[in-house]
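Kindly generate the complete structure, drawing on both the sequences and the hints.
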Amino acid sequence: MATLQQSFERHEAGPGVGLLKRIGVTLEGGKFSTDNPDKVSEIISKRSEFLSRLPAKVESLETEMLEHFKGRRGFIESQDTTTRTWKITVQGSSVTSDLLIEKEMVSEITPELLQSDNWRDAEFRAFDVTLESSTPRTGRSHPMQALIERIRNIFLEMGFSELVEDYVQTAGWNMDALFIPQDHPAREMQDTFYLDNPSKIELSDDVMDLWSKIHIDGGDTGSLGWGGKFSKDISQKGLLRTHTTVNTIQYLAENPSKPCRMFTVDRVFRKEAIDRTHLPEFHQIEGIIMEEGANLQMLVTTLKTFYEKMGYPEVRVRPAYFPYTEPSLEIEVKWRGKWLELGGAGIFRPEVTEPLGINHPVLAWGMGLERLAMLVLGLDDIRQLYISDLEWLRNQPII
Numbered sequence: 000m001a002t003l004q005q006s007f008e009r010h011e012a013g014p015g016v017g018l019l020k021r022i023g024v025t026l027e028g029g030k031f032s033t034d035n036p037d038k039v040s041e042i043i044s045k046r047s048e049f050l051s052r053l054p055a056k057v058e059s060l061e062t063e064m065l066e067h068f069k070g071r072r073g074f075i076e077s078q079d080t081t082t083r084t085w086k087i088t089v090q091g092s093s094v095t096s097d098l099l100i101e102k103e104m105v106s107e108i109t110p111e112l113l114q115s116d117n118w119r120d121a122e123f124r125a126f127d128v129t130l131e132s133s134t135p136r137t138g139r140s141h142p143m144q145a146l147i148e149r150i151r152n153i154f155l156e157m158g159f160s161e162l163v164e165d166y167v168q169t170a171g172w173n174m175d176a177l178f179i180p181q182d183h184p185a186r187e188m189q190d191t192f193y194l195d196n197p198s199k200i201e202l203s204d205d206v207m208d209l210w211s212k213i214h215i216d217g218g219d220t221g222s223l224g225w226g227g228k229f230s231k232d233i234s235q236k237g238l239l240r241t242h243t244t245v246n247t248i249q250y251l252a253e254n255p256s257k258p259c260r261m262f263t264v265d266r267v268f269r270k271e272a273i274d275r276t277h278l279p280e281f282h283q284i285e286g287i288i289m290e291e292g293a294n295l296q297m298l299v300t301t302l303k304t305f306y307e308k309m310g311y312p313e314v315r316v317r318p319a320y321f322p323y324t325e326p327s328l329e330i331e332v333k334w335r336g337k338w339l340e341l342g343g344a345g346i347f348r349p350e351v352t353e354p355l356g357i358n359h360p361v362l363a364w365g366m367g368l369e370r371l372a373m374l375v376l377g378l379d380d381i382r383q384l385y386i387s388d389l390e391w392l393r394n395q396p397i398i
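Going by numbering that gives the first Met the number 0, the letters in the sequence shown line up with residues 0 to 398, in that order.
FYI, nobody ran anything at the bench for these hints, they're computed from the structure.
Please note: incorrect hints may appear among the correct ones.
To be verified - Simulated restraints, written as ranges between beta carbons of each label pair: (1) Arg-335 with Leu-60: 47 to 57 angstroms; (2) Glu-390 with Arg-315: 49 to 59 angstroms; (3) Thr-80 with Glu-390: 19 to 29 angstroms; (4) Met-297 with Leu-389: 36 to 46 angstroms; (5) Ala-252 with Gly-226: 17 to 27 angstroms; (6) Asn-358 with Lys-333: 31 to 41 angstroms.
Claimed, not checked - No more than 30 angstroms apart at the CA atoms, straight line, and that leaves these computed lysine-lysine pairs for DSBU-like: (7) Lys-270 with Lys-231; (8) Lys-270 with Lys-228; (9) Lys-212 with Lys-199; (10) Lys-308 with Lys-337; (11) Lys-86 with Lys-102; (12) Lys-308 with Lys-333; (13) Lys-45 with Lys-56; (14) Lys-270 with Lys-199; (15) Lys-212 with Lys-257; (16) Lys-69 with Lys-20; (17) Lys-20 with Lys-45.
Keep in mind that this is a model prediction, so the values were computed, not measured.
Heads up, the beta-carbon is just placed ideally off N, CA and C, and yes, glycines get one too.
Have a look at this one:
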């Protein structure tokens, strides 16, 4: 055994001992022995002879030896070789030599060819574009990133400006500002990612007093509010935003009288159990229009225009309920003969806009990007979008 270790590397000696044991050799006290040395020698000789014959055609090799070595990873490999032969036809044989003109066929157009002007007299090789060809392994955008860019370009073409803000927000701006009651189930720990650091983000007493009045009795909006108590401590809790509306409402608070058309495509976070239709981290497409005379028809037309540009000409809206819009709508598109719900929309309630000094109607909508991506890419499992599957990524169409 010591001699074996001196002659071979450790990673070679180990497998070698295992192979010897399989053909009847035993190892005791550091020494090899066998009851049938002739048989062992014959097996080793056959395998050595097999390897010495390589490379060779598969049909000329013993099946038993071939299967043995194919079972050992990286030991031998099989290569396919294609042989082509050409034979002149009767019609070709009848052509006289004076009709044969030898010309160089050009298969690649180069800058030198164009600059020399020789391309005018060149014979170009014909290509059959209907033949199958290999797909070039080039870099490309992830389908999700490509879809985000497509959506971004559509909104920019429609005259919108993009809004990008932070993930970390307060419960006040994330929920109180949108007239979501403080005892709403969506605020529970099992639905929202509350933070330990920062666990509290200070807000001005003025804005919290406005929210308090609206929530308790509706303030001066004519609403009855939600009643009960309002906690400023709850308003100042730090969390990961559960929707991008938190950023649009803050923008409106900072620009209450300036007409605007804004959109966002960004990440949001919710405590969802991961399954084929849910993720704890996903993207939301958000948009608002704030201007004098904005109305429900403008909202519906805007949404239909967006989805038509995305390739879904059949769009309909249905009545719905959301705490911070009235009227509220669900947006549906027709896909493969069925109506699918893709998002919600509506006009911000007075309880949302009036405390912030906003006097014009605000049209708002939100939809899940991943759900739209599943339609565009023909997926039935949302997790496929984030699996590291290079073959799937390479086979995706250009969005």
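Structure-based check of each hint:
| no. | hint | in the structure |
| --- | --- | --- |
| 1 | Arg-335 with Leu-60: 47 to 57 angstroms | 52 angstroms, holds |
| 2 | Glu-390 with Arg-315: 49 to 59 angstroms | 37 angstroms, violated |
| 3 | Thr-80 with Glu-390: 19 to 29 angstroms | 26 angstroms, holds |
| 4 | Met-297 with Leu-389: 36 to 46 angstroms | 44 angstroms, holds |
| 5 | Ala-252 with Gly-226: 17 to 27 angstroms | 25 angstroms, holds |
| 6 | Asn-358 with Lys-333: 31 to 41 angstroms | 38 angstroms, holds |
| 7 | Lys-270 with Lys-231 | 24 angstroms, holds |
| 8 | Lys-270 with Lys-228 | 26 angstroms, holds |
| 9 | Lys-212 with Lys-199 | 22 angstroms, holds |
| 10 | Lys-308 with Lys-337 | 19 angstroms, holds |
| 11 | Lys-86 with Lys-102 | 20 angstroms, holds |
| 12 | Lys-308 with Lys-333 | 14 angstroms, holds |
| 13 | Lys-45 with Lys-56 | 18 angstroms, holds |
| 14 | Lys-270 with Lys-199 | 20 angstroms, holds |
| 15 | Lys-212 with Lys-257 | 25 angstroms, holds |
| 16 | Lys-69 with Lys-20 | 19 angstroms, holds |
| 17 | Lys-20 with Lys-45 | 17 angstroms, holds |
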